[in-house]
Amino acid sequence: VARSPKDGHTLLLDSMGHVVNPTLMPGLPFDYATAFAPITQLTWQPQMLVVPAASPYRTVADLVTAAKARPGTLSYASSGNGTGAHLAMVEFARMAGIEVVHVPYRGGGPAMTDLIAGNVAMAFASAAAATAHVQGGRLRALGAAGLRRIVALPDMPTIAEQGHPGFDWDEWNGLWTVAGSPPAAIERLHAAAIFAVRQPDVRARMEQIGIVPLGTSPQDFAAFVVAQRERAARLIRDANITLG
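Here my numbering runs 168 ahead of the position in the sequence shown, where the first position is 1.
No wet-lab data here; the hints were simulated from the structure. The model shown is predicted, which means the values in this text are computed figures rather than measured ones. Even for Gly, the Cβ is constructed at its ideal location relative to N, Cα and C. Be aware that one or more of the hints could be misleading.
What the hints assert, rightly or not - What follows is a set of in silico ranges between Cβ atoms, one per label pair, in the way DEER data are often shown:
#1 181 with 234: 36 to 42 angstroms
#2 319 with 202: 34 to 40 angstroms
#3 364 with 172: 37 to 43 angstroms
#4 234 with 285: 36 to 42 angstroms
#5 175 with 366: 34 to 40 angstroms
#6 316 with 198: 48 to 54 angstroms
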């Protein structure tokens, strides 16, 4: 996409990788900050902290107490180094003052399988991926990772509500085009994207699988991406995260 013509005919749909990759992969032949023109943040993807159904931990406080009693023994799964689930736990562990062991997998599927089997103690997972397992009794959800409760699990408090104010980790999807594309083309793309996410059938389907349709202005999305990139860079540097 970065090398495509600047005509507004090429789109990039991306998520956390857009703000993580600049720090994890500094040798890329383009600069994420300047190669793409933001169009809109399409969605929020709510995340939650989950444990196996047989876990002794029923609240965030239970888990934190156990982790503090046995530093460096409780493990957590992620879909790989530097992924959203990895960084979410790095941030949570920092705020909670706990030391936990990262077990990276090659993708979310294997991570979820081992979590359900009880081979790891916990993980952050998207509502889209985990809600059915929670409702089916295969996982237990301890708290919503964002500042809003999850629609499908309204009785589950957020992690912030459970003694960790300010913790906020939801993931998202956004839409970009090539930087330097005509402003009129970006305006048309933005209007089309907003029209799509506001369609009742589209919204209903997204909400059914745990995704929150959004649709922001290019300016708001640009500011959001800068803040997300700065937060990701801080976490990656502080935790010395690499792809190896």
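Among all the numbered hints in the text so far, which are the ones the structure does not match?
The structure breaks hints 3, 4, 5 and 6; every other hint is satisfied.
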